Structure formats: structure tokens, C-alpha cells
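One letter stands for each residue in the lines below.
Protein chains: 2
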Amino acid sequence: MLTPAFMPVGTQATVKGIPPRDLEQLGASMILANTYHLYLRPGDELVARQGGLHRFMRWDGPILTDSGGFQVFSLSEMRKIDEDGVTFKSHLDGSMHRLTPEKSIRIQENLGADVIMCFDECPPPTDREYNVLAMARTHNWAERCRQAHTRTDQALFGIVQGGVFHELREASARFISALDFPGHGIGGLAVGESKEAMYATLECMDAALPVEKPRYLMGVGEPTDLIHGVMRGIDMFDCVLPTRLARHGAAFTHHGRINMRNKVYQEDERPLDTGCDCYTCQTFTRAYIRHLLHVGEMLGLYLMSLHNVHFLLQLMREIRAAILADQMDIFAQAWLAHYQGIQPAMAPGRG
Amino acid sequence: MLTPAFMPVGTQATVKGIPPRDLEQLGASMILANTYHLYLRPGDELVARQGGLHRFMRWDGPILTDSGGFQVFSLSEMRKIDEDGVTFKSHLDGSMHRLTPEKSIRIQENLGADVIMCFDECPPPTDREYNVLAMARTHNWAERCRQAHTRTDQALFGIVQGGVFHELREASARFISALDFPGHGIGGLAVGESKEAMYATLECMDAALPVEKPRYLMGVGEPTDLIHGVMRGIDMFDCVLPTRLARHGAAFTHHGRINMRNKVYQEDERPLDTGCDCYTCQTFTRAYIRHLLHVGEMLGLYLMSLHNVHFLLQLMREIRAAILADQMDIFAQAWLAHYQGIQPAMAPGRG
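Residue numbers (the working numbering), protein chains in the order written: chain E, 1113 to 1463; chain F, 1113 to 1463.
Each hint should be verified, as a subset may be incorrect.
Identical copies go unnamed one by one, so any copy, or any two together, can satisfy a pair.
List of simulated lysine to any residue pairs, SDA-like, C-alpha gap at most 20 Å [as the list claims (entries may be wrong)]:
1. Lys1375 x Arg1153
2. Lys1375 x Ala1160
3. Lys1375 x Gln1162
4. Lys1192 x Pro1236
5. Lys1192 x His1278
6. Lys1375 x Leu1158
7. Lys1307 x His1209
8. Lys1215 x Gln1259
9. Lys1375 x Arg1240
To be clear, the hints were calculated from the coordinates, so they are not data collected in a lab.
Here the structure is a predicted model, which means the values were calculated and not measured.
The whole structure should be built from the sequences, with the hints applied where relevant.
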């Protein structure tokens, strides 16, 4: 896989709305699937009996599974954490389940991804006291995950925690590095802290993480964060943002996000993003896509998802080219000067 | 266009869930769009300003629009029919609208399809008294539609009505034929009458309709009906069935329909339909598709829609080949012997 890379998220063994053949055409290399969701439905043992995740979902490229930890903390109800693991209630049917480091690894071995992640605890990033406790638990669990891991055809990544507290992050980075994982996830960021705090936290870990091993900033996919992340040494990203935004009617453009449900696009004959070479932009007008979204047609979600995923994959291609040309700073400056984040609706002709 | 042909339905200027490039790959030639829906949203004048339906939805192949009549009678609320036309309440927002033969033609000229249909009245097929009145109105409206039609780049088809009453159908076929339209729709069938009544009604019109002009059996798409229709001289069909069934989790197979939500398919590694060469069947297992449907993933609808539309298009290709080889009877017999209609769930290995 070429890095730095953005990994589209296929939560339930499908990148929402995008058939694998289209995903391949978009140039996606690695994708992510969620252990928590697949453990609940259809079940990791069923996936194993079906030949593993690659065969089940017909994705020949590399796959990464997360540990289930983040979803247990963000989605499930009535979770109870102890030193050994977490007991939680399924958000689907209220059934009780238990995840431990060993169980997470067993599930991920059943799913059979190429890269799997240590089971960790994800506390709110600005609660210092909680982060001290959670970090200790995450370190303990990282050692147990390493012990539990048996499949030699899977790479197990460690995860650095510590919230936005630099001394905790440095300590965590040192501790996790010492366990000699083949790569390092950076967890617990982009969950409510400021952009400045996030970027500063990335910088503070830099010296403590080995440069030769991939650094994976988990759950981050805002275009500006990808650029700032790469400039701080990040090699891998994942996020549901492009497909989730699409379902909410928002499209990435080089000028910022636009809300395609807005009436101003009703007769706009331009593509979603001028100059974009995805199927959506090469073929359809904003007027047509706005109509599809307005009347609730599935094709609208497909075209929007395709474009948004393409947008981030294309950004990463441009970033890789800029790095090879030793022009990352210039590229970042030029790109960020255009991009205005979330935009108010623009009248046709003014964009 | 090669006939006999099945036209997938793109109600709101999109065949539900299938991007135009995939539809083209499936070998669809002509598609249908609905005047009633497009008149309400986004509006036929907007479509005209966007360059017409072909350009709006990016479909280069031929398009047929219906007259809006059937939807006014089946979808709208509080409709009031008089000799001049129909006043109705939109099923979307309760707004009041009026359709007349002239208005339907104007809307269809704005939409800009290649084939457009006369505005007709669709009564319940077994109510004789109503059918006598409705047929007279349909004939009167057909003459007015012909008068109102101005675009020479569009073919206007007449519509034969008359329910299941042979003498009414014959009279209607003779009357409509005499108006010298380039093609003839057969309306008011497959809406509740028995299969036998439908097939017998098709037979009774045979002599009264000119053989050199296409006969279009409106709203019919059950595989068995396509075969029986072709054997009774039908050249064109349309139906929402393949995409609607897909949304309900049902797949066409050569042995009959199967409900893919059923738990028996949970670990079934076969394709939806063994021997089918569509993308869905060439790539994915029933187990995976069942998972997608079970967890409500959009990809499930896409893969099912693709397969079901392919199934009917492929059936029509086989029918055309059988006709060219002068073996339609043998083909029909062999095909129908396999097909059992709606099937109870089958255990893996028994299908």
C-alpha cells in the first residue's frame, strides 16, 4: 500500500453504498471494517466459516479491523469496565456481551483482516484523571493482546492513548513503542478537542514513535486534518465522514463542503466539484443530484458517496505526489487557501 | 431497439438504485419514466430547461414516458374525473392539480422522451359498466392527444382499454388503430384480473391491431407474463417489479422467486441464481447478500436490483434468440417447466 493513505470505512463489511468494483476503480487500497458491528452481525464465526472478511465481502485488497473498543464506548449501552475487559449491552437488541483483549483478538483473527488493532479504552480527550487510568489499562491490554495474537499472517498494531495531555501521550508512545508492534494507532483524538490541541498532540508524540513504522491516526477524515496530519508524520487515516456526509446530502468540493439538498442547486448545471474526475462529476449535474436527494432516490446517495470517497482518495494521491516532489508545504498552503470548510449555500455562478 | 423488449422503470428519472452506466452494461435499451412523478417533482419545465430527460438523467438510449393517467388513478387522492380531464390532489403535499389530454402531452413534450403515451382512463378491469364509459372517454382523449401533439421527434402511442371484456377490447383496438398511431399500448391489464383473463384478452385484440406496429403491454413484468405475452404478439413491456421486489428482498431465479431475507440463506455460498452471469451472481454469495439485507445496507438493494433487472433483460434476450431460431414454443415450454413462481424458502443444497 502506498502511504500516506486514507482508508474508507466498511463498517458492516461494505463501504456504505459503494460496490467493491467501484471502490477498486476509485483507487482505494486498504479499507477498514468494524469488529464491534461484525461480531454482533453476522458474527465473526460465520465470517470465518465463509472464508474470512476478504472472501465474504469480495475485497481482494488489504483490510484493517479495529478492536471494537471505540464502538463499545460510543455505541453500546450500559457498559461496565473493569481491569479484565468491558461488559456491554448491544445497541441492536439489548443482549449482553463481554469484550476483553483476548476476545477482541480472537474475533479479529476470525474476521481475518491483514492489520488488526489492540483493544483499548477511549476516554474523553480532555479528562485528565480518566486518561491516566484509561492509559494504564490500555497499556496492560496491549500486552495481553500481543500475547493472545496467534495468526502470523496478520499485523497487530498497538494504540497510543493519553487524550490531549502531552506528558501522557509521550509516556504512552514510549510504552507502546517498546512492545515492538509493526505499526502504531493513535487513538482518542478528533473526538471533541480543538484542532489546535489535536495537532499539538500529534507533534508531542513525534520523537517517541519510531519513524520506520506506520502511524495511523484513527477516525480522522476531514480534508484539512488529513493535510495537517500528514505534515505531522501520519501515514494512515480512516473515517466514515465521506459516506456519512453523503447520506446527509453534503459534498466535498475544493472550496469546502456544500449541502446539495439546498434549493440554490435546483437548476445548477455544474458538477458537484468542478475539475473533479470521478464518475459523478464527469457525468451528472448538481441539478440532477439535488433532484435525486430531494425525492429520496438511492442513486443520489450512491453518486454522493462515490464523489466524497473519491475526493479524499484523490487528495491523498496529490499529497503523495507532493511528498515525492518534496513540495508538501507548498501543496498544503495552496490547497488550504482554497478550502473554506463548511460553506453557506452558494448561488449558482458565484462558486 | 430490438423487440420484444422489457423496459426497466425509472419513475423519478432514475431506475431505482442502478446508475446509468450499470444499466447500459446490463444491456437495457429503452427505459420508462413517469410523467405524474416528474410533473410533481422536479417539474417538467425544470426538466425542459435542463435539456430534457435524456440530458437530465444522462441516459442516451431511448426513453418512453407514460401519460400520468395510471398514477393519477392509482396514487393521487380526491380525484374528480370529467369529460375534459382529471382534477386530483398530489400524494406528496396535498396540492391540487389538473391533467387533461392536452396538458399530459405538453408535459411529455417538455420531458422530451422518444415515445410518449396518450392520456387514458384506467378503470378496474372487471367492472363492465365503468369500462364502457372509461373506454369512450379514452377514445375521445386519444383524438385530443393526437391533435395536441406537436413534436415530430416523438412517437405518440395510442392506448387500448376495455378491461377483460372482449367485445370492448376489440372495439377499442379497432378505434385506436384507425387513428393511425405508430404504436399501441395495451392498458388496464395485470391489475387484479386472473392470468387466464389477461391472456385471453390479449388474444381477442390480436386481429384488430396491425401486426407491423409495436404492441406494448403496460405495467407487466412477471417472467411468466413476459413469455405468455410474447407468445400473444407483445413487443414491449415495462414494470417496476424487478426493482420493487429487490427492495422487498426477493430475487428472481430460474426456479422461481426466493426471499433473500430468509435465515436459510445465512451461510449459503451459492450465487442468487446459479448460472446467472450478472455482476451480483458472478461475485457475491447469498450469505453475503443476506447479511447486507439483514443489516439494512444499501449495497444489498443495489446488488438485488442489478440482478433482478438483469434477469428480465436476459430473459428477453433469450426470447429474441428463440424467436429468431423459430423455437419460441420449445423455449417457453422448457423455461416455464423450471419456473415455479413464488417459492417457499429452500434449504441450501436443495435448490
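Each hint, compared with the structure:
Taking CA atoms no more than 20 Å apart as the test, lysine 1375 paired with arginine 1153 passes between copies only; the shortest distance there is 13 Å, against 39 Å inside one copy. In the homo-oligomer, the alpha carbons of lysine 1375 and alanine 1160 lie at most 20 Å apart only across protomers (18 Å), although the nearest pairing inside one protomer, at 47 Å, exceeds that limit. Taking the shortest alpha-carbon separations for lysine 1375 and glutamine 1162, only the inter-copy value of 15 Å comes in at or below 20 Å, while the best intra-copy value is 46 Å. Taking CA atoms no more than 20 Å apart as the test, lysine 1192 paired with proline 1236 passes inside one copy only; the shortest distance there is 16 Å, against 62 Å between copies.
Taking CA atoms no more than 20 Å apart as the test, lysine 1192 paired with histidine 1278 passes in neither setting, with 28 Å inside one copy and 73 Å between copies. Taking the shortest Cα distances, lysine 1375 and leucine 1158 sit within 20 Å of each other only across copies (13 Å), while inside one copy they are farther apart (46 Å). With identical chains, the CA atoms of lysine 1307 and histidine 1209 are never at most 20 Å apart, being 35 Å at best within one copy and 53 Å at best between copies. Proximity of lysine 1215 and glutamine 1259 under a CA criterion of 20 Å is satisfied intra-copy only: 12 Å inside one chain copy versus 75 Å between copies.
For the homomeric pair lysine 1375 and arginine 1240, neither the shortest alpha-carbon distance inside one copy (45 Å) nor that between copies (48 Å) is at most 20 Å.
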